[in-house]
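Model the full structure from these sequences, guided by the hints.
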Amino acid sequence: MKKEDIQALVNTGEYLPLMEEFYTIQGEGFHKGTAAYFIRVGGCDVGCHWCDVKESWDAEKHPPTSIGQIVANAEKYSDTIVITGGEPLTWDMSPLTENLKAKGLKTHIETSGAYAVTGVWDWFCLSPKKLKLPTPEAYQQADELKIIVYNKNDLIFAEQQAEKVNSDCILYLQPEWSKRDKVVPLIVDYVMKNPKWKVSLQTHKYLNIP
3 MKKEDIQALV
13 NTGEYLPLME
23 EFYTIQGEGF
33 HKGTAAYFIR
43 VGGCDVGCHW
53 CDVKESWDAE
63 KHPPTSIGQI
73 VANAEKYSDT
83 IVITGGEPLT
93 WDMSPLTENL
103 KAKGLKTHIE
113 TSGAYAVTGV
123 WDWFCLSPKK
133 LKLPTPEAYQ
143 QADELKIIVY
153 NKNDLIFAEQ
163 QAEKVNSDCI
173 LYLQPEWSKR
183 DKVVPLIVDY
193 VMKNPKWKVS
203 LQTHKYLNIP
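Here the working numbering = 1-based position in the sequence shown + 2.
Think of the hints as simulated: they come from the structure by calculation, not from any bench. Remember, predicted model here, so these are calculated numbers, not experimental data. Some hints could be false.
[Said to hold, decoys possible] Under the rule of at most 25 Å between Cα atoms (straight-line distance), these lysine-lysine pairs were calculated in the PhoX-like manner: (1) K166 x K154; (2) K56 x K134; (3) K134 x K200; (4) K166 x K195; (5) K103 x K78.
[What the hints assert, rightly or not] Taking CB as the label site, the calculated pair distances span: (6) A118 x S68: 21 to 29 Å; (7) K108 x D54: 19 to 27 Å; (8) V55 x K34: 15 to 23 Å.
Where is the CB? At the ideal position from N, CA and C, for every residue including glycine.
Listed below in structure tokens is the structure:
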């Protein structure tokens with residue numbers, strides 16, 4: 003298939019730049035501790051300086067893969083599928099999620115919400131970034147709001163974001179991994195004073211799993 007033909011399929015969501023896929027334990031947020039199959043899609047221009055998967059940013063480094071193949075791999079392992087990135091909403095997620103749902107699988111997404119929401123989601127984890135704020139639709143669709151705390155100013159940002167999500171959205175503060183020793187005490191103190199928030203930890207890193 004010609005390169006331009008493949009790119010056309012990527013543009014319609016029939017192919018996706020697949021960085022990696024793996025079966026593991028969800029380490030963060032509401033579903034932590036749950037077995038899930040992760041699909042990491044390449045491509046992101048949000049540009050968080052503390053991102054721990056910077057290799058995902060350049061979509062061209064990751065092979066365009068048919069969603070048929072992705073779904074066939076996923077259904078072997080779990081009924082809970084987490085789409086992450088990169089920024090998955092860079093691409094049209096409708097074809098992938100429709101195919102996953104047709105197999106009876108639950109679809110979860112982890113996104114900054116910076117692009118138009120596509121796809122059918124059973125769980126929508128919104129993790130806003132200051133450089134590119136979420137769309138209004140992403141705020142309204144969020145089941146959980148996960149704010150990464152790098153320093154104390156992120157707590158101000160967290161409150162600003164919490165004002166924009168729907169009333170049923172679960173609120174999480176999560177320490178940025180490299181700053182965890184400094185910010186965990188800050189987060190714990192803040193949550194105790196503001197119990198609408200919960201603490202999220204990257205438990206998969208403590209367990210030394212993907």
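Hints, one by one, checked against the model:
{"no.": "1", "hint": "K166 x K154", "in the structure": "20 Å, holds"}
{"no.": "2", "hint": "K56 x K134", "in the structure": "16 Å, holds"}
{"no.": "3", "hint": "K134 x K200", "in the structure": "24 Å, holds"}
{"no.": "4", "hint": "K166 x K195", "in the structure": "21 Å, holds"}
{"no.": "5", "hint": "K103 x K78", "in the structure": "14 Å, holds"}
{"no.": "6", "hint": "A118 x S68: 21 to 29 Å", "in the structure": "23 Å, holds"}
{"no.": "7", "hint": "K108 x D54: 19 to 27 Å", "in the structure": "25 Å, holds"}
{"no.": "8", "hint": "V55 x K34: 15 to 23 Å", "in the structure": "18 Å, holds"}
Checked against the numbered hints above, the structure breaks none of them.
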